[in-house]
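Visitor: In this text, residue positions in the sequence shown follow the working numbering: the first is 1, and each later residue adds one.
Calculated from the structure, these hints are not laboratory results. Ideal Cβ positions, reconstructed from N, Cα and C, are used throughout, including at glycine. Any given hint might turn out to be false.
Across the chosen pairs, the derived CB separations fall in these ranges [as the list claims (entries may be wrong)]:
hint	residue 1	residue 2	range
1	Phe169	Asn74	31 to 41 Å
2	Pro146	Thr205	36 to 46 Å
3	Met187	Arg147	46 to 56 Å
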Amino acid sequence: MTQQPQLWLFFLLVFGVILLPGLDMAFVLASSLVGGRRAGMMATAGIMAGGVCHVLMTALGVMALLEVMPALFNAMLWAGAAYIAWIGFSLMRSRIALGEVSNLPARSQAQTFRQGMLTSLLNPKAYLFMLAIFPQFITPDAGSLPRQLLVLWLIIAATQAAIYGALAFVGDGVRQWLSDRPSANVMLARMVGIVLIATAVYTATRG
Numbered sequence: 001m002t003q004q005p006q007l008w009l010f011f012l013l014v015f016g017v018i019l020l021p022g023l024d025m026a027f028v029l030a031s032s033l034v035g036g037r038r039a040g041m042m043a044t045a046g047i048m049a050g051g052v053c054h055v056l057m058t059a060l061g062v063m064a065l066l067e068v069m070p071a072l073f074n075a076m077l078w079a080g081a082a083y084i085a086w087i088g089f090s091l092m093r094s095r096i097a098l099g100e101v102s103n104l105p106a107r108s109q110a111q112t113f114r115q116g117m118l119t120s121l122l123n124p125k126a127y128l129f130m131l132a133i134f135p136q137f138i139t140p141d142a143g144s145l146p147r148q149l150l151v152l153w154l155i156i157a158a159t160q161a162a163i164y165g166a167l168a169f170v171g172d173g174v175r176q177w178l179s180d181r182p183s184a185n186v187m188l189a190r191m192v193g194i195v196l197i198a199t200a201v202y203t204a205t206r207g
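Based on the provided sequences and hints, a complete structural model is requested.
Guide: Quick look at the structure:
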């Protein structure tokens, strides 16, 4: 298994990367503001599920394609940005206040999970991270490759759960404060939409 000092270094790298604002963080915040704490946690779970796919792709060697095919990276970057921008536009055009969205059918939670997973899968920076960082913490004589990948993914998942989970609680707190303020509620929905669109534009233009 990967040595303990290396695991701590990997954790610090992962913590720093996840803490940086990006598509995943923007989606979790928007989900918690719109659907409450449960929606934020479902978005987090979806992003973590996307991380499982990242690890599996690493094990299968699919990540290497991104190194030899820059066009594929750009295509994924734009696809992810377009998806987040679409969510932002939907919020801006919606006439439903954030506090009223909690009355939607329970299946919306499953939809939030799927959207979170798709957001994660369309985030090319995650693939680049796997391609650049994972090999540095995997050693042939430290045990089986699947076991090492599992340990590294658990570190990523736990860090995502802590950071994005806390963000979901913060978003839910803001949402409850706005529950008796319909005008501010609608305005915040539009502001969240603008933030998502701005994040998408920044990601697409700066990569």
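Visitor: Each hint: holds or not?
Guide: Structure-based check of each hint:
no.	hint	in the structure
1	Phe169 / Asn74: 31 to 41 Å	35 Å, holds
2	Pro146 / Thr205: 36 to 46 Å	38 Å, holds
3	Met187 / Arg147: 46 to 56 Å	50 Å, holds
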